[in-house]
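Protein chains in written order, with the numbering used here: chain A, 1 to 446; chain B, 1 to 446.
Think of the hints as simulated: they come from the structure by calculation, not from any bench.
Predicted model only: the values in this text are computed from it and were never measured.
There's no promise every hint is true.
[Stated by the list, open to error] Label pairs and their in silico Cβ distance ranges:
1) His23/A <-> Phe142/B: 24 to 32 angstroms
2) Glu138/A <-> Tyr272/B: 51 to 59 angstroms
3) Lys273/A <-> Pro139/B: 34 to 42 angstroms
4) Asn153/A <-> Phe2/B: 20 to 28 angstroms
5) Pro388/B <-> Asn163/A: 46 to 54 angstroms
[As the list claims (entries may be wrong)] Some chain B residues close to chain A (C-beta under 7 angstroms, calculated; not the full set):
6) Thr25
7) Glu28
8) His29
9) Arg32
10) Pro76
11) Val79
12) Gly392
[Claimed, not checked] Cross-link-like lysine to aspartate or glutamate pairs, in silico, EDC-like; alpha carbons within 20 angstroms at most:
13) Lys271/A <-> Asp232/A
14) Lys18/A <-> Glu224/A
15) Lys271/A <-> Glu254/A
16) Lys315/A <-> Asp327/A
17) Lys18/A <-> Glu126/B
18) Lys18/B <-> Glu126/A
Every residue, glycine too, gets a C-beta built ideally from N, C-alpha and C.
2 protein chains.
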Amino acid sequence: MFPQVQQSLCGRLIDLEKRVLDHSTEIEHWFRSQWRSHSPPFYGSVDLRNACFKLAPVDTNLFPGGFNNLSESALPVAVQALMVSVETHCPDIARVLLIPENHTRNSFYLANIARLRDLLQQAGLEVRIGSLNPEITEPTEFAGQTNLGDAFNLLVEPLVRQNDRLGLKNFEPCLVLLNNDLSAGVPPILQGLVGQKVFPPLHAGWASRRKSEHFAAYNSVAEEFAQRLQIDPWLINPIFRQCRGLDFQARLGEQALADAVSEVLSKTQLKYKEHGINQQPFVIVKADAGTYGMGIMTVKDPSDVLGLNRKQRNKMAVGKEGLVFSDVIVQEGVHSFETVDQPEGSAVAEPVVYMIDRFVVGGFYRVHVERGPDENLNAPGARFVPLPFEEGCQQPVVGAEPDATPNRLYLYGVVSRLALLAASRELKATHPASQGLSPSLSVLTP
Amino acid sequence: MFPQVQQSLCGRLIDLEKRVLDHSTEIEHWFRSQWRSHSPPFYGSVDLRNACFKLAPVDTNLFPGGFNNLSESALPVAVQALMVSVETHCPDIARVLLIPENHTRNSFYLANIARLRDLLQQAGLEVRIGSLNPEITEPTEFAGQTNLGDAFNLLVEPLVRQNDRLGLKNFEPCLVLLNNDLSAGVPPILQGLVGQKVFPPLHAGWASRRKSEHFAAYNSVAEEFAQRLQIDPWLINPIFRQCRGLDFQARLGEQALADAVSEVLSKTQLKYKEHGINQQPFVIVKADAGTYGMGIMTVKDPSDVLGLNRKQRNKMAVGKEGLVFSDVIVQEGVHSFETVDQPEGSAVAEPVVYMIDRFVVGGFYRVHVERGPDENLNAPGARFVPLPFEEGCQQPVVGAEPDATPNRLYLYGVVSRLALLAASRELKATHPASQGLSPSLSVLTP
Numbered sequence: 001m002f003p004q005v006q007q008s009l010c011g012r013l014i015d016l017e018k019r020v021l022d023h024s025t026e027i028e029h030w031f032r033s034q035w036r037s038h039s040p041p042f043y044g045s046v047d048l049r050n051a052c053f054k055l056a057p058v059d060t061n062l063f064p065g066g067f068n069n070l071s072e073s074a075l076p077v078a079v080q081a082l083m084v085s086v087e088t089h090c091p092d093i094a095r096v097l098l099i100p101e102n103h104t105r106n107s108f109y110l111a112n113i114a115r116l117r118d119l120l121q122q123a124g125l126e127v128r129i130g131s132l133n134p135e136i137t138e139p140t141e142f143a144g145q146t147n148l149g150d151a152f153n154l155l156v157e158p159l160v161r162q163n164d165r166l167g168l169k170n171f172e173p174c175l176v177l178l179n180n181d182l183s184a185g186v187p188p189i190l191q192g193l194v195g196q197k198v199f200p201p202l203h204a205g206w207a208s209r210r211k212s213e214h215f216a217a218y219n220s221v222a223e224e225f226a227q228r229l230q231i232d233p234w235l236i237n238p239i240f241r242q243c244r245g246l247d248f249q250a251r252l253g254e255q256a257l258a259d260a261v262s263e264v265l266s267k268t269q270l271k272y273k274e275h276g277i278n279q280q281p282f283v284i285v286k287a288d289a290g291t292y293g294m295g296i297m298t299v300k301d302p303s304d305v306l307g308l309n310r311k312q313r314n315k316m317a318v319g320k321e322g323l324v325f326s327d328v329i330v331q332e333g334v335h336s337f338e339t340v341d342q343p344e345g346s347a348v349a350e351p352v353v354y355m356i357d358r359f360v361v362g363g364f365y366r367v368h369v370e371r372g373p374d375e376n377l378n379a380p381g382a383r384f385v386p387l388p389f390e391e392g393c394q395q396p397v398v399g400a401e402p403d404a405t406p407n408r409l410y411l412y413g414v415v416s417r418l419a420l421l422a423a424s425r426e427l428k429a430t431h432p433a434s435q436g437l438s439p440s441l442s443v444l445t446p
Numbered sequence: 001m002f003p004q005v006q007q008s009l010c011g012r013l014i015d016l017e018k019r020v021l022d023h024s025t026e027i028e029h030w031f032r033s034q035w036r037s038h039s040p041p042f043y044g045s046v047d048l049r050n051a052c053f054k055l056a057p058v059d060t061n062l063f064p065g066g067f068n069n070l071s072e073s074a075l076p077v078a079v080q081a082l083m084v085s086v087e088t089h090c091p092d093i094a095r096v097l098l099i100p101e102n103h104t105r106n107s108f109y110l111a112n113i114a115r116l117r118d119l120l121q122q123a124g125l126e127v128r129i130g131s132l133n134p135e136i137t138e139p140t141e142f143a144g145q146t147n148l149g150d151a152f153n154l155l156v157e158p159l160v161r162q163n164d165r166l167g168l169k170n171f172e173p174c175l176v177l178l179n180n181d182l183s184a185g186v187p188p189i190l191q192g193l194v195g196q197k198v199f200p201p202l203h204a205g206w207a208s209r210r211k212s213e214h215f216a217a218y219n220s221v222a223e224e225f226a227q228r229l230q231i232d233p234w235l236i237n238p239i240f241r242q243c244r245g246l247d248f249q250a251r252l253g254e255q256a257l258a259d260a261v262s263e264v265l266s267k268t269q270l271k272y273k274e275h276g277i278n279q280q281p282f283v284i285v286k287a288d289a290g291t292y293g294m295g296i297m298t299v300k301d302p303s304d305v306l307g308l309n310r311k312q313r314n315k316m317a318v319g320k321e322g323l324v325f326s327d328v329i330v331q332e333g334v335h336s337f338e339t340v341d342q343p344e345g346s347a348v349a350e351p352v353v354y355m356i357d358r359f360v361v362g363g364f365y366r367v368h369v370e371r372g373p374d375e376n377l378n379a380p381g382a383r384f385v386p387l388p389f390e391e392g393c394q395q396p397v398v399g400a401e402p403d404a405t406p407n408r409l410y411l412y413g414v415v416s417r418l419a420l421l422a423a424s425r426e427l428k429a430t431h432p433a434s435q436g437l438s439p440s441l442s443v444l445t446p
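Bound conformation, chain A alone:
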C-alpha cells in the first residue's frame, strides 16, 4: 500500500536520499544543537510534496487536526513525545484544557480531538475540553467513531473566564492547549491570561500568522542544511514571493500578482533547466493567512490571474470563518509524483508528517482521486483517504537501498523537521516581544 513514485524521474531523489542517509549522524547532531537554541512548537504537521526530482514542504500546520489518521503503531511514540514535551515545557503541570475548533459537527475532527485527549491522558495529564463556540452553553456530549472503528465520547464544556485565568466549571488548568487555529481572531476570553501557559502561543494563530514569514524562515533553514549536505537548497525548498495589498473583489493588484507569478515561473524554469527537468513549471497562489486548503489556486501562466471570474475571485478572497485575504504568496508548485492505487484507479498522494515537540511521531498520505499531480490535494468537499505510514520515520536502515521505505520515510521526517525548525524560528521572530511590543499587546484581531 506504500505509494509508488515515478522511477524514471527519481535519479535526483535517490541522490538526495543517499546523501541524507550517509550524513544521518551529522544531521541528527545538528538537529540536537538546533533544538537547544530553538524551542520546538508544541506540535505541528507538515504537508510534503515529492516531485521525485525535489522534495519540499508546502505547508506547516501548527494546529494539526488529523491525529485520528495516525496508525496505531504511531501512538506509543506520540505518547512518549508528549511526555517529553510536558517535561520540557511545563514539568509542573497536571491539568490541560484542550480548545478545539468550533465545527463540532465534523465527525473526523471530533475523532482527532478524541485521539488527542487520549494521547494527553496516556502521557499522564488530566484533560478536559472547552469550546470557544458560543453555541456550547452547557456540557455537551458528542459521540463518534474513529477510523479504527472504536466508539468515542467527547464531553465539550463551555469556557469559564475568572479574572485573568481560563478554565471550566470546577477545573483550573495549568496549560491551555489550542487545537483551534484562531482564524477568526483571538477572542477576548483568551487574551491576557496570567499564570497559565498557552500552547501554541496566540501569535501562532492565523489571525496573525503569515505563510510568507514561515517560508522566509524556511529559506534560511534550508540554506544552512543544504550547505552542510553540499546540495542545492532548491531540492528541498520551493521558490516563493509574497504579494500584498490585493483586493480580489475590487480587482486591485492583479497585475502585481501576475508579475510575481511570472517571476516565480521563470525562476523555476531556470532551475528545471539547470537540473535537466523536463516538466512544465507551475505556481500555487495561496492566501498568506489561509488554512483548510482554502484560497488556493494552481497557475501555469501569469495571464491566468488576470480577469478572474466572480467565482474564482470569491474563492481566493474569503477563507475559513469568513476571514478576508488581501495578501497572498506565490509559491513554486511542487508536483506530487507519488500515487497510490485506489478502487477508482491511480490517485495522487502527498505525505503529511506529524510531529510533537521535536519528534516525528508518524504521518499519513492525503490521497485525492480527482486531482492531478500539480494540484492542491487539501481540497474541501473532496475525498480524502488516509493511508497510515506503517513504519516509523526515525529508523533509517544503513544497509538498505536509499529509496527503501524506512529510508524514504526518514527523509520525509528530516525535511519535515526542517520545516518544524523554521516554524520555531518564525514564532520567535514574530513574537510580539521581539517586535518591540509588550506581550500584553500581543493579541491581534483581524
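Given chain A, put chain B in place with the hints provided.
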C-alpha cells in the same frame, strides 16, 4: 498469545490495577517530579513476577541483554527514548563506543548487540563496538540472524587505550556505553578515563553492585508510592534480608542463612494471612552480586539450606566469570501465576520490561516450559521462549477493564519504573563520591 493469569486469585491485582489506573495522572506527575531530582539510568530491564495477589520486581538489570527480544513495534519508541537520553545526558556527543560482554559466540547475545547498535545509529549516533575480550586482537566480523530472521553483521574491534582516553583504531568516542556488567571486575583499561562519559557508571557493574542495596532503595520507593496510592506496599514489594560472610564451600554461615530464610518465610506467612492468601510461602536465596540467573535457589523450609550437597553448594558459590559469592539475599518468593500455552502445554511466564532513560520502551515474556510458578525462570541451559509485548506500556485505556491488556501492561510499566527509580537512588547512594571516596578511587576489583 498474551499470558493468562489465574482469575480466581486475581481479586487483589484487579484492585491494584484499578487504583493505579484511577491515579495515573497523579502517578505520572509524581514520576516527572522524581526524574527531576533523580537521574534515570541509561537503560535497564526489570524482571517482574505476577502472583495475581501481588506484583513485584525481583531483579533489576542495568546492562540489559535482550533488546533483540523486543517486538518491532517497540523500536520507534526505543529510538526516540535514546534520542531523549542523549539530549539529556550528553547533547554534544556524536560517537559511541559500545562494549559488549565477552561471550561473543552466543548468537542471541550478538543479536542483542546488533539491535542496540542499530537503535543507537537510528537515534543519530555513530556507533562502533569494542571488546574487552583479550581474544579479540584485530577487527573481527561476526554474522548472525535476528529472531525476526534478518541477517546481521557485527564488527567487533579491540579496544585502544591512549593516555586517559579509550577508543578504537581511528575512533575517538565521546561516550562509552557498557553492555558488559563487569562481573569479573573493572579492567584497568576502563579505569580513570577523563573527558569521556561512561554509562552506566563503573560502580553499577556487578564487581561492586549489590542486590541488597537495590532492594533497600526499592523499599523506600515502594513505601512512598504505596502511601500515595493508599495501598499496602507489600503488594508491590517482596520482603528480603541480606546474609553476609557465607562460605558455601566451607559450610560457613549455614545457620545464619537458615535463620534469615526462617524470618522471611514467617513474615511472608503473616502477610498471606493478613491478605487471606492460601498459598505456601517460599523464598529465593540468591547471590547478592549474582547475575545471569546464576547462584539462585528456591527454598520452602529453613532446613533446606542446611547440609547442601556439593553440587548445590557449587551452584550457589560461583557465578558468572568465576565470581565467588559470599553474600546472599533471601527474598520472599513471588509466584508467577501467569502462563502461556506452548506446544508442550502450559508454561510459566514472567514479564521482563525494558526501559531507556525514564521511558518504558517495551518488553517480553520469559517463558519456561519446564519450571513451576515458584521457580526462577532465568535458568541457563533450559529452554527460553521470549514473547514480545504486542502493545505499549504507556497506553492505559480509561474506559476498559482494569485487567485489559493495555491496562495490565501499564501497571507493569509503572512497577518497573518504580524499580528504575530505585536503581537511580541506589546508584546515587553507592556512588564512590557519596561514600567519601573520590571518583578516581571508584574502581573496585573483586
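Do the hints match the structure? See the list:
1. His23/A <-> Phe142/B: 24 to 32 angstroms: holds (27 angstroms)
2. Glu138/A <-> Tyr272/B: 51 to 59 angstroms: Holds, at about 52 angstroms.
3. Lys273/A <-> Pro139/B: 34 to 42 angstroms: violated (48 angstroms)
4. Asn153/A <-> Phe2/B: 20 to 28 angstroms: Given range 20 to 28 angstroms: holds, Cβ gap about 27 angstroms.
5. Pro388/B <-> Asn163/A: 46 to 54 angstroms: holds (52 angstroms)
6. Thr25: holds (5 angstroms)
7. Glu28: With Cβ-Cβ at 2 angstroms, under 7 angstroms, it holds.
8. His29: Since the shortest Cβ distance to chain A is 5 angstroms, the answer is holds.
9. Arg32: It holds, given that the least Cβ distance between Arg32/B and chain A is near 5 angstroms, below 7 angstroms.
10. Pro76: holds (4 angstroms)
11. Val79: holds (5 angstroms)
12. Gly392: This interface hint holds because 4 angstroms falls under the 7 angstroms limit.
13. Lys271/A <-> Asp232/A: holds (10 angstroms)
14. Lys18/A <-> Glu224/A: holds (19 angstroms)
15. Lys271/A <-> Glu254/A: Given that 20 angstroms is the threshold and the Cα spacing comes to 26 angstroms, the pair is violated.
16. Lys315/A <-> Asp327/A: With a Cα-Cα distance of about 14 angstroms, the restraint between Lys315/A and Asp327/A holds, given a limit of 20 angstroms.
17. Lys18/A <-> Glu126/B: Given pair Lys18/A, Glu126/B holds - Cα atoms ~17 angstroms apart, limit 20 angstroms.
18. Lys18/B <-> Glu126/A: holds (17 angstroms)
Going through the hint list in order, the structure does not satisfy hints 3 and 15.
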